[in-house]
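Chemist: Read off the chains here:
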Amino acid sequence: MSTESIDADRTVDSRGATCPGPMMDLVGAIRDAEVGDVIELLSDAEQSTTDIPAWADESGNEVLAIDDAGDHYQIYVRKT
Amino acid sequence: MTHRIAIIGGGTGGVVLANNLAERLAPEIDAGEVAVSLFNDGEDHIYKPVWLYVAFGQREPADGRRPLAELVDDRVDLRIERVDDIDTEEKTLSAGGGTVGYDSLVIATGSQMDTESIDGLDEGGYHFYGESASTELRDELLSFTEGHLVLSVIGNPHMCPVAPLEFVMMADDWFRSRGLREDIDITYTYPIMRTHGNEHIAEWARPRLAERDIAVETMFNAEAIDPSDGMLTSMEGTELDYDLLVTIPPHTGSDLITQAGLGETGWVDVDSHTLEATEFDDVYAIGDAAAIGVPKAGSAAHYQANVVAKRLTSTVRDQQPTATYDGKTLCFVETGMDEATYVSFDYNNDPSPGRPSRTLHWSKLAYNESYWLTARGLL
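Quick note, the sequences are listed as chains A and B, same order.
Heads up, the first sequence is in my numbering, so the first residue is 1 and it goes up one at a time.
Heads up, the second sequence is in my numbering, so the first residue is 1001 and it goes up one at a time.
The reader is advised that the hints may include incorrect statements.
Residues from chain B that keep clear of chain A, each with C-beta distances beyond 10 Å, as calculated [stated by the list, open to error]:
{"no.": "1", "residue": "E1043"}
{"no.": "2", "residue": "E1060"}
{"no.": "3", "residue": "R1075"}
{"no.": "4", "residue": "N1156"}
{"no.": "5", "residue": "R1176"}
{"no.": "6", "residue": "E1223"}
{"no.": "7", "residue": "E1236"}
{"no.": "8", "residue": "T1258"}
{"no.": "9", "residue": "A1260"}
{"no.": "10", "residue": "D1269"}
{"no.": "11", "residue": "S1272"}
{"no.": "12", "residue": "I1292"}
{"no.": "13", "residue": "L1330"}
{"no.": "14", "residue": "G1354"}
Listed below are several chain A residues computed to face chain B (Cβ distance under 8 Å; list not exhaustive) [unchecked claim]:
{"no.": "15", "residue": "S5"}
{"no.": "16", "residue": "A8"}
{"no.": "17", "residue": "A17"}
{"no.": "18", "residue": "M23"}
{"no.": "19", "residue": "A29"}
{"no.": "20", "residue": "R31"}
{"no.": "21", "residue": "A33"}
{"no.": "22", "residue": "D37"}
{"no.": "23", "residue": "W55"}
{"no.": "24", "residue": "S59"}
For the record, the hints were derived by calculation from the structure and aren't laboratory data.
Glycine is no exception: its CB is placed at the ideal position from the N, C-alpha and C atoms.
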């Protein structure tokens, strides 16, 4: 899915945070979100690109896209 | 013209900074060229690491509490007032019903518990992040003779990142020494796919938890607690029955930070080396209040306070500040009731826990006693 077509309900900016900061920020956002909401996570920790899909798989949420924006990643997750 | 330095928060960071500045800038303060004010909303300074020991009946809450007036240098204007607002444009604070101007501001407002964000947490879970909380947990532990004890790390970041591991290892030892361990199961849950946020500490902890027969549930983010059924449910769909639930609750920063617009979740974004706020002039944040990804630990606040004291001293003397924080953190890690190890790390060096020993345990207990010298700026 092209990230340009994804309309996030909330953006969580975790740039600068070390692991597990970005994932915990995402978990908190998903916890507060409604089912169907899309969270955009901004992270410059490469580990997020593997940790987030692993957690989404475990928790039943859906990673819509991971976009490499150069100096950070944009990770889109839908609460299911 | 007097350079006014205001410090908000009388915890480890704020007190060490105030005393450090009082010593470094004594000539300027005595000459009326610098004024250092420390604002705190209570009369006492609290040494929070004592609470873990309170839970196991090793200390009393009073052991971690002393009047700020006894700890803070007389050159510091100690103001027992709650700061209600900060205006970084006008460089003023609202406190005690009045407005106070500052030239340099240091925010050291620490962390607070958020036990309402998880259903059932207030009613169903105990914790050790407070005086009454740790005594309530102590009373519960003393009457707990059989069943399932679950330690669930719910909030992250949280104060003292090794405390959850310390708690389960101390509990294991404590119950064994009382002849109860065979009747008590212990489970440790952590939100990510390993046993600790730091992978080196996680690698060290995993086999130690296993050899003590402490069950581990990783990738476990608590979603709801049902106190009536003794059930803890995770966002990942795991259900855990418990008889005694001890949690690391979600933490937030100070409401003051949020209300003043300095940070959405109560933490202030600062440069990880200079500790200067990235979006506000002449504002620093140290300790838990600083959003820089280092552990929310007293040692980090202590080292950061020393850096900011040097930078502010340079500033008031019209010199270029050069002191920077390197991420240094040092934590003792209790691995039972009579042994401990420690971790020391910074931005460039990873922690490497050593072999636990009684010597290190007694070193930790000795430091608990000598901490008051740290607070006074002497150690």
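Chemist: Are there hints from earlier that the structure breaks, and if so, what are their numbers?
Modeler: 4, 6, 7, 10, 11, 12, 15, 16, 19, 21, 22
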